[in-house]
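Participant: Below are the chains, spelled out letter by letter.
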Amino acid sequence: MFSVLIDQFWSLTISGIALGFIYVLISLGYTMVYGVLRMINFANSEIFMFGTFATVVITRDVFHYTSLTTHSTGFRLVLILLLSLIASMLTSAVVAVFVEFVAYRRLRARGTNKLATLISAIGISIVLSETMRLLTHSRPTGSGRVLEKISLGTLWGANIRIDNVLTIVAASIIFILLDRFVKLSRMGKAIRAVSMNEDASKLMGVNLNRVISTTFLIGGLMTGAASFFFVTVYENTKFNIGFSMGLAAFTAAVLGGIGNIRGAFAGGIALGLLETYASAVLGTQWKAVTVFITLVLVLLFRPNGLFGEAIQQTRA
Amino acid sequence: MNLRDLGAGVWERSNRPVRVAIVLVTLFLICLLPYAGGTFLATPVAAFDSVLVYPIAMFVLMSLGLNIVVGKSGMLDLGYVAFFAIGAYTMALLGTHTGLNTWEIMPIGIGLSMLAGVLLGLPTLRLRGDYLAIVTLGFGEIVRIVALNSESTGGPNGIANVPMPPNILGQEYNIFNQKLFFWTTLVMILLVIWLVRRLSVRRPGRAWEAIRQDEDAAELMGVPTLRYKIWSFTLGAAIGGAAGVLFASKNLFIAPEMFTLNVSILILSCIVFGGIGNIWGVIVGAVILGYLPDRIRFLSDARLLVFGVVLVVTMNFRPDGLLPRKKREKALPVKVKSGVES
Amino acid sequence: MTTPILELKNLTMQFGGVVALNEVNIKVMPQEILALIGPNGAGKTTVFNVITGVYQATSGDVLFEGGSVAGKSRHEITKGGIARTFQNIRLWGDMTALENVITATDVHKKSGVIGALFGLPRARREEKANRAKAHEILEFIGIDEYSDRLAKNLPYGVQRRLEIARAMGTSPRLILLDEPAAGFNPAEKVELANTIKKIRDAGYTVLLIEHDMSLIMGISDRVVVLDFGQKIADDLPSVVQNDSRVIEAYLGVPDDAS
Chain A
1088 MFSVLIDQFW SLTISGIALG FIYVLISLGY TMVYGVLRMI NFANSEIFMF
1138 GTFATVVITR DVFHYTSLTT HSTGFRLVLI LLLSLIASML TSAVVAVFVE
1188 FVAYRRLRAR GTNKLATLIS AIGISIVLSE TMRLLTHSRP TGSGRVLEKI
1238 SLGTLWGANI RIDNVLTIVA ASIIFILLDR FVKLSRMGKA IRAVSMNEDA
1288 SKLMGVNLNR VISTTFLIGG LMTGAASFFF VTVYENTKFN IGFSMGLAAF
1338 TAAVLGGIGN IRGAFAGGIA LGLLETYASA VLGTQWKAVT VFITLVLVLL
1388 FRPNGLFGEA IQQTRA
Chain B
11 MNLRDLGAGV WERSNRPVRV AIVLVTLFLI CLLPYAGGTF LATPVAAFDS
61 VLVYPIAMFV LMSLGLNIVV GKSGMLDLGY VAFFAIGAYT MALLGTHTGL
111 NTWEIMPIGI GLSMLAGVLL GLPTLRLRGD YLAIVTLGFG EIVRIVALNS
161 ESTGGPNGIA NVPMPPNILG QEYNIFNQKL FFWTTLVMIL LVIWLVRRLS
211 VRRPGRAWEA IRQDEDAAEL MGVPTLRYKI WSFTLGAAIG GAAGVLFASK
261 NLFIAPEMFT LNVSILILSC IVFGGIGNIW GVIVGAVILG YLPDRIRFLS
311 DARLLVFGVV LVVTMNFRPD GLLPRKKREK ALPVKVKSGV ES
Chain C
11 MTTPILELKN LTMQFGGVVA LNEVNIKVMP QEILALIGPN GAGKTTVFNV
61 ITGVYQATSG DVLFEGGSVA GKSRHEITKG GIARTFQNIR LWGDMTALEN
111 VITATDVHKK SGVIGALFGL PRARREEKAN RAKAHEILEF IGIDEYSDRL
161 AKNLPYGVQR RLEIARAMGT SPRLILLDEP AAGFNPAEKV ELANTIKKIR
211 DAGYTVLLIE HDMSLIMGIS DRVVVLDFGQ KIADDLPSVV QNDSRVIEAY
261 LGVPDDAS
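Residue numbers (the working numbering), protein chains in the order written: chain A, 1088 to 1403; chain B, 11 to 352; chain C, 11 to 268.
Since the hints were derived computationally from the structure, they do not count as laboratory data.
Please read these numbers as outputs of a predicted model, since none were measured by experiment.
Any given hint could be a false lead.
[Unchecked claim] Computed cross-link-like contacts, EDC-like style, restricted to lysine to aspartate or glutamate with a CA-CA straight-line distance of at most 20 Å:
1) K1201(A) to E267(B)
2) K162(C) to D226(B)
3) K19(C) to D71(C)
4) K1201(A) to D330(B)
5) K89(C) to D224(B)
6) K162(C) to D330(B)
7) K89(C) to D226(B)
8) K82(C) to D226(B)
9) K1201(A) to D104(C)
10) K1374(A) to D224(B)
11) K1325(A) to E267(B)
12) K89(C) to E225(B)
13) K1289(A) to D1266(A)
14) K162(C) to E225(B)
Working from the sequences, and respecting the hints, build out all of it.
Facilitator: Here it is as structure tokens:
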């Protein structure tokens, strides 16, 4: 059982880190919304799923890539990748804003209780995934290989594939950009202010609706980027892919400390590694179980996660 | 228009004999439903009397169970299907490997579901709303995945040849004639209604209401919140498990794909649509949402999509559902100054 | 020398960098009315929160009837004899006034779900007794006529009094009232003062947070003043009223004072 883990350790580590970066970006969608709304963005899983389909549509239908097409190199390749990335990010962002508007905004304005908002979010999540299911006739969708998975060399016996490297490098850049944005920009400060103290922020002239919509938008952009990397590495998607990826990314967010952006980074990488190692040891069919058990353990024993706030607030 | 108040008005204006008559007539009409298969109520694809049992009657039963958790206590359980599955698999495994019959297995199925409820509840019921929702969702999925991947539960092929319940009063349970199953489920539903109403007007009901409306205040007023949350969870689980046992016995065959997250969402939709917290609302919601997709062809495949829309629309426009839970105040003998909302 | 019913010993409550309570020492004697006053932010509600178990003290102790409350859960502390009202009304709005109080009386019930389900005799007896008791309490407070009205539909003054009735439902020996007179007009305040005295005379001990000085001076046996988490006065009302430190805390010191 453990032999696979030991033999392929570095290989697994690299793919685990790459997967981890994908989780980092998706979990940003959860963590940022949680920061400003104190609620889980249940539909983030479908925001991710739509992004993956955007990637597929761009590569397969716009650029006509199938598994048989000869691959581009150089400038054209970079162009295609970039366009796919942007398309995914934008698609997810649009879906995210749509979700905020339909599922959250009206209820928030009316001061409805959290339970109702949560149910509404679940509803929209179902609507999105079912719509895609009906559109794809419940079948998985493959994407053409845009990026030839050439090896860049080996390190300690692990094969360094370009798609993993691309994911790690590009996702890092995007993450750093987000981090800087939240730290330095005016909107970033507004977002942080709202997440710390909503009432005070409103009194200081922050337009709450704008901040919340923007947060959803940014979360969507991040999740969309993740979806691009996902399709590049795994080359397929399905209407229900959001569920497992979403659950894992959410666990990553909690693990790192929900509401905390840097925590999302730590949590994402950690979970990517954990899941990859566990799959090697136990088999891939127990992946979801591993993630779930991790979630429960974190919530039970360290609800703050590694860097975050307490989930249970005492109120009196 | 408040349907609940309309109905309540009629009820309150009637005296005892009239009320008894209303109840008996309604019950009689409901018992006759399986014979209505030839009328405009007929369902095009599946047999009407089969649809009456599953999904309609079973959805009603499970909605009543989930209502205790979500409606009365205010806790969102997204993994309710897990208890249904545990009941069903208990029936399937014990039914095929031992000589026990459905009624002997029923308490075991209920017991195991309750145990699962306690085991799941103890660590997680301290968590806040959304976290509880995710964890319960995960639990529901885990149960399905375990059933899917274990040899002992038949893996993806499930378990077949689940025995039917033994004959009762000379009547045989027959897969081609589901009337008996319907009446049996009806009896269970009535039992559950009685159970819930009993508890509602006594300490447990008050505790659950207090927890739902303001849990912190409840704790500070001496309500042992964890204990009652677990009770609500466990009772809901018991009902789900009972439904599962009966389902397996009726269906003769169960497989993991019957116990997906969708079922949990479906039941939740019934409650939300019908009226969270209101027994009658929940029943009406389950009947409508259980029946319509089988009646209206094109709805069938888009069933889940419709339910998703129902959830969003209901929460946005009529969060109390069809029959709201709001209590009516009894008429006051003395005129008092009208209240001011604080 | 009677033992205090409640004792705060060197109680310190720290939240991160903020010290809300700093080595506070307070003794509350049985059947006295003790007022806790101080400028906003002084830590008064924090004291209530520590006593009722909402927060665990950072250091120091809270002794109720000789036993420490540390580590006890909130409902255990209530069961042990301490009840409170809230600064912002936290009634169960969708329940009637009577039900609000009955729920509070449930704390001492021995029967639970099983008893309710099977209609066991003890459960039925307790149910009847608690219902009668709830009516008694509502009458005592003077709002029995509202017993079947939903709490959220009650007039503000009645709601405030219902909060007190509900707290009394738990059969406490110590009642903590958090700004019970907030929003009251002078006539209502007089009525409230009489009610509080009546409660004390019936055998309860009352610890009271309030801002209305005339109310406090009128009914309190003793006054404790907190400022920035520290006790700055602890004496008879008339003495505290003239204490220069107290006046400074509330009004500030003139700029040109030396």
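Participant: Now look at each hint and say whether the structure bears it out.
Facilitator: Evaluated hints:
no.	hint	in the structure
1	K1201(A) to E267(B)	violated, 31 Å
2	K162(C) to D226(B)	holds, 18 Å
3	K19(C) to D71(C)	holds, 5 Å
4	K1201(A) to D330(B)	holds, 14 Å
5	K89(C) to D224(B)	holds, 18 Å
6	K162(C) to D330(B)	holds, 17 Å
7	K89(C) to D226(B)	holds, 15 Å
8	K82(C) to D226(B)	holds, 15 Å
9	K1201(A) to D104(C)	holds, 17 Å
10	K1374(A) to D224(B)	violated, 38 Å
11	K1325(A) to E267(B)	holds, 17 Å
12	K89(C) to E225(B)	holds, 16 Å
13	K1289(A) to D1266(A)	violated, 23 Å
14	K162(C) to E225(B)	holds, 17 Å
In the structure shown, a violation is registered for the earlier hints numbered 1, 10, 13, in ascending order.
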